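Trainee: Sequence:
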Amino acid sequence: MKKSELIHSCAKAPGNIYIYVGGKTGRDGIHGVTFASAELTDDSEESSRSAVQVGDPITKEPVIHVTLECNRKGLLEGLKDFGGGGLSCVSGELAYAAGFGAEIFLDYIPLKEEGLSPWEIWVSESQERMMFLVAPENVNKVLHICKQWDVTAAVVGKVIPEKITRVIYKGIKILEMDMDFYTGGPIYDNCKRPYASPEQSKLYDKDFDIPDLNDILKKLLSSHNIASKEWVIRQYDHEVRGNTVIKPLQGKINYETHGDATVLKPLEESYRGLAVTANINPRFMERDPYWGAVSAIDETCRNLVSVGAKPDSFLDCLNFGNPEKPKKMGEFYEACRGLGDAAKKLNLPFMSGNVSFYNESIETGVPPTPQIMGVGIVDDVRKSVTADFKSEGNSIYIVGKETEREMGGSEYYRILGIDEGVVPKIDIDFLKKCMDGILSAISKGFVASCHDISEGGIAVCLSEMAIGGDIGCEVDLTNVGKDLRSDFKLFSESNTRWIIESKKGKEKAFEEKLNEKKISFVLIGKTKNTRLIINNRGEKLVDLKIINIRDIWKNAIWNVMG
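Note that the numbering used here numbers the sequence shown so that position 525 is 518, with each residue one more than the last.
Heads up, a few of these hints could be off.
So the derived label-pair ranges between C-beta atoms look like this [unchecked claim]:
no., residue 1, residue 2, range
1, Gly555, Glu500, 17 to 27 Å
2, Lys303, Lys240, 12 to 22 Å
3, Ile246, Lys134, 19 to 29 Å
4, Pro204, Ile540, 20 to 30 Å
Under the rule of at most 25 Å between Cα atoms (straight-line distance), these lysine-lysine pairs were calculated in the BS3-like manner [as the list claims (entries may be wrong)]:
no., residue 1, residue 2
5, Lys383, Lys258
6, Lys376, Lys245
7, Lys222, Lys73
8, Lys538, Lys521
9, Lys510, Lys496
10, Lys475, Lys383
11, Lys426, Lys521
12, Lys425, Lys538
13, Lys105, Lys(-5)
14, Lys222, Lys538
15, Lys376, Lys426
16, Lys245, Lys497
Derived by calculation from the structure, the hints in this document are not laboratory data. Note that the structure is a prediction, hence the values are computed from the model and not measured. By construction, the Cβ of each residue, glycine as well, lies at the ideal position given by its N, Cα and C atoms.
Given only the sequences and the hints, what does the whole structure look like? Please build it.
Mentor: Right, here's the structure in full:
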C-alpha cells in the first residue's frame, strides 16, 4: 500500500455517514472483552459460551476486497474494524478521535436472527464487520461496490458536532452520553499501581553429572516444544494465491524441516518479498520477564534474517495473569519494558498488538507470555535461503554471539527437571551488526543455508538442518564456548547465534564479509554422509543416524495426536 492511501480511524467532519459493512450481528461474542478480563472459574465454559465469536472466512474475503476498493477509489473518510465492545466502541471511537459525536440507529443494523435486544445489538462482537465513514455524496458509490461483491452493507448513523453518543431504536432515544466519559479511558497513576519485581533467586547454573548426550538429544527432538509441527501445519493452506516462495516446512520433499520464516511474493511485477515469523518462549519469561521479552525480539530478528529479510516491524500478543496482583503486574511491567527497550534500540516499530489479562483459573495462571510476530522485507526473493543443508562437503559456521553458560529456561533444563539457571542476555548493538553482516552475505550469494540457534541449542539446530536436507554433518565444538562443559555447549540457548552453511568456493569471501563487519564466527565442520556427529576436545559427544533422528523428531506429535 502506498502511504498516500493510508486512512485513519477517525471522522473528517460532522455529517460523515456511518456505513456498516460485512457480517451480520448476532448473539455470538456478547461480552467477549468482559470475559477476557475475568478470571476463569468452574462455570466459565457454560456461563461464558456466548462470549466466543464465530468466525466466517467466506464472508471475510469479500469484505477485504470491498474495503480495499473503496479506499483505493478515495471514497472513505475514516475506517475502523469492529473489535472489543462491537458497535458500542467502534462508533464512538471514530467520532471521539476527531472531537465529534455519533448518532446511531440500532434498527438499521443487519441481524443474524430476530429478537435481539437493543443492548445485545450494541455490544455484540460478531466477526467480519467493518465500519466505514463516508461523505454523503459517496454513500451510493460505496453501497454499489458492496452489492457487486455481495457484501452486506447498511447506513446506520452519522457524525454529529456535539460531543455525545446518541443511540436510537425504533424512533426512541435509548442512550445519550457524554463522549469524553463514554469513550475516553481512565488515566492511571503509575506511581500508585502496586507491582512486585520478579524474584532473582536461583539465577545460576549449577554443576551436575553429564548425562548420555545421545539420549538427551533424542529426548529434546521428541519434546513437543521442538518436535515437528507438521501435524498442525498440514491442516492449513499456505499456498493461497500461489505467492508463497518459502513455506513453513522447508527442504527435500518428504524430508522437510521447520523454517525460520515464511516468505511471500505479493506483487507479480516485483521480486521484492515479505517475510513473516512469530516467536514465543514462556520459560524465559517465567524466570526473567525483562530478558525473556528481549529474547523474543532477538529470536524474531534472527528468524527474519535467516531467510534474507531485513526486519521491518513487530506485532505483539501479550498474555498475562491478573494485573491486580502485584506479582503479575510486575511481570507485565518488566515485559513491556524489555520489548520497548529492544524495539527502540533497533529503531523498529510495534505496528499493532493486543493485551489479554486475567488468564487465570482457580488453581493457576498462564506464565507471562508475549508472542511476537515480525515482518521483514526481502529485496529479492530469488536470493532467499532456507534452513536445510544443501550438499555434501560444504563448510558449516556458527556466527554471532559466544555460546555462554545461560541455561535458565532452556529445553535441556526442562527435560532434566532443573528449575534454575541464568536466562540468556542480549547486546542489541551486536545483534544489529550481525544482522547487517549476514544479510549482506546472503545477498552476495555466499550462503547455502541458514538457521537460527534457539530451543535445544546447537545440537537441535544441526539436527533440523540435517533432517531437511537429508544430509549429515561432522562438527567439532572445541573452539565454541571454550570454557563450557560439553552439554552446555550442545544445549545452551544463548541469543544472537546462527548456524550457516556456506556455498562451495565461497568460504573465503564469506569469512571476509564477516570480518569486514566485525562479526565473530567459528568454522566447526562440514556437511557429509548420513550421520550427525558432534565432537568436542577429541571426544565424540553425539553420533546418530539422520534417518533415526528424523523419525523421532517427525513422529512425536503425530503419535500423540493421531
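Trainee: Taking each numbered hint in turn, which are not upheld by the structure, reported in ascending numerical order?
Mentor: 1, 3, 7, 10, 11, 12 and 13
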